[in-house]
Amino acid sequence: MTTTLVTAINLARTFLIGSEEVHAVHDVNVEIVSGKLLAITGRSGSGKTTLLNLLAGLDTPTSGTVLFEGQDLSKLADWELTELRRHRIGFVFQSFGLLPLLSAFENVELPLRIAKWDRDERHRRTELCIDQVGLSARSRHRPYELSGGELQRLAIARALVHQPSLILADEPTGELDLATGQAIYKLLKDISSQENVGVVVATHDVVMAEIADEIKEISDGTFIS
1 MTTTLVTAIN LARTFLIGSE EVHAVHDVNV EIVSGKLLAI TGRSGSGKTT LLNLLAGLDT
61 PTSGTVLFEG QDLSKLADWE LTELRRHRIG FVFQSFGLLP LLSAFENVEL PLRIAKWDRD
121 ERHRRTELCI DQVGLSARSR HRPYELSGGE LQRLAIARAL VHQPSLILAD EPTGELDLAT
181 GQAIYKLLKD ISSQENVGVV VATHDVVMAE IADEIKEISD GTFIS
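Its first residue numbered 1, the sequence shown is counted upward by one per residue in the numbering used here.
No wet-lab data here; the hints were simulated from the structure. The structure displayed is predicted, hence computed values, not measured ones. From the three backbone atoms N, C-alpha and C, an ideal C-beta is built for every residue, glycine too. Among the hints, a few may not be true.
Using 20 Å as the maximum straight-line C-alpha spacing, the simulated SDA-like pairs for lysine to any residue come out as follows [unchecked claim]:
| # | residue 1 | residue 2 |
| --- | --- | --- |
| 1 | Lys216 | Asn29 |
| 2 | Lys189 | Gly149 |
| 3 | Lys186 | Leu176 |
| 4 | Lys36 | Thr3 |
| 5 | Lys216 | Thr49 |
| 6 | Lys116 | Glu106 |
| 7 | Lys186 | Asp131 |
| 8 | Lys186 | Glu214 |
| 9 | Lys189 | Glu214 |
| 10 | Lys186 | Asn196 |
| 11 | Lys216 | Gln182 |
Estimated spans, in silico, between C-beta atoms of each pair [what the hints assert, rightly or not]:
| # | residue 1 | residue 2 | range |
| --- | --- | --- | --- |
| 12 | Arg86 | Thr65 | 19 to 29 Å |
| 13 | Lys75 | Ala179 | 39 to 49 Å |
| 14 | Gly174 | His141 | 20 to 30 Å |
| 15 | Ser63 | Ser136 | 42 to 52 Å |
| 16 | Asp118 | His141 | 20 to 30 Å |
| 17 | Glu83 | Asp118 | 13 to 23 Å |
| 18 | Asp190 | Leu102 | 24 to 34 Å |
| 19 | Asp72 | Glu214 | 22 to 32 Å |
| 20 | Thr82 | Asn196 | 16 to 26 Å |
Given these sequences and hints, build the entire structure.
Laid out in structure tokens, this is it:
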């Protein structure tokens, strides 16, 4: 059963650069639901990352509204936004964002430590997520001992470990070869359906057309048909 996670209504974000207004995002309306993978495609500079930041409450829209599970993000205090992201949203980045001195297991476990999960439950959930991305045999390795594809799988496990309702992935295959990138997209698609998580992937990769449940193309800050 799908539920609406995020609704963006007439979303716009304008930056002032010198005396010039830059409309990074404008007239964006989108609904994100559980159990589905939405791909936002577009060239570099089209507004994909700005839109993800708005959907996550990392940036504030110039106008428009973002509702997250019915809550208007503009009405939340900074600490409430932090708590929402900590518990309800998982992030996957192009550069992986892993801590080099921690093992694969420790990197995935870290969000649960911060959230003060019970030790046994923390370990059980961490092992489950590492197994889900196919890295059980590599859980004691450090990031520099892993391939690019393994690093991104690990980053996905970390994004999933705290049982978020939404995962936002910004160019998750930008550093990977074609075959590895396709495997990562398939993993994200499987996770969206198996865990009933809403997944949004910002990408310039047309391979997503074969995998995503829905594709929206963005150009000059707005969706095009």
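Hints versus structure:
A threshold of 20 Å between alpha carbons decides the hint, and for Lys216 with Asn29 the separation of about 11 Å falls inside it, so the pair holds. A threshold of 20 Å between alpha carbons decides the hint, and for Lys189 with Gly149 the separation of about 16 Å falls inside it, so the pair holds. For the suggested pair Lys186 and Leu176, the alpha carbons sit about 14 Å apart, so the restraint of at most 20 Å is met. In summary, the hint linking Lys36 to Thr3 is supported, as the alpha carbons are separated by about 10 Å, within the 20 Å threshold.
Distance hint between Lys216 and Thr49 is fulfilled; the C-alpha atoms sit about 14 Å from each other, no more than 20 Å. Proposed proximity of Lys116 and Glu106 is supported: the alpha carbons are some 14 Å apart, at most 20 Å. Under the criterion of a C-alpha separation no larger than 20 Å, the hint pairing Lys186 with Asp131 is consistent with the structure, at around 16 Å. Note on Lys186 and Glu214: the hinted pairing holds, with a Cα-Cα distance of about 14 Å set against a maximum of 20 Å.
The hinted pair formed by Lys189 and Glu214 meets the criterion: a straight-line CA distance of about 11 Å does not exceed 20 Å. Restraint check: the Cα-Cα separation between Lys186 and Asn196 comes to about 15 Å, which is no more than 20 Å; the hinted pair holds. This hinted pair checks out: Lys216 and Gln182 have alpha carbons roughly 19 Å apart, not beyond 20 Å. A C-beta distance of roughly 22 Å is found between Arg86 and Thr65, which places it inside the suggested range of 19 to 29 Å.
Evaluation of the 39 to 49 Å hint for Lys75 and Ala179 yields a pass: the beta carbon distance comes to about 45 Å. Separation of Gly174 from His141 is about 23 Å and conforms to the stated range, judged on CB atoms against 20 to 30 Å. Our hint of 42 to 52 Å for Ser63 and Ser136 holds, since their Cβ atoms are close to 47 Å apart. At about 26 Å, the beta-carbon gap between Asp118 and His141 stays in the expected band of 20 to 30 Å.
Take Glu83 and Asp118: their Cβ atoms lie about 19 Å apart, and the range 13 to 23 Å holds. The hint said 24 to 34 Å for the Cβ distance between Asp190 and Leu102, and at roughly 26 Å that hint holds. At roughly 24 Å, the beta-carbon separation of Asp72 and Glu214 lies within the given 22 to 32 Å, and the hint holds. Checked against the given bound of 16 to 26 Å, the beta carbons of Thr82 and Asn196, roughly 24 Å apart, stay inside it.
Violated hints: none; the structure is consistent with every hint.
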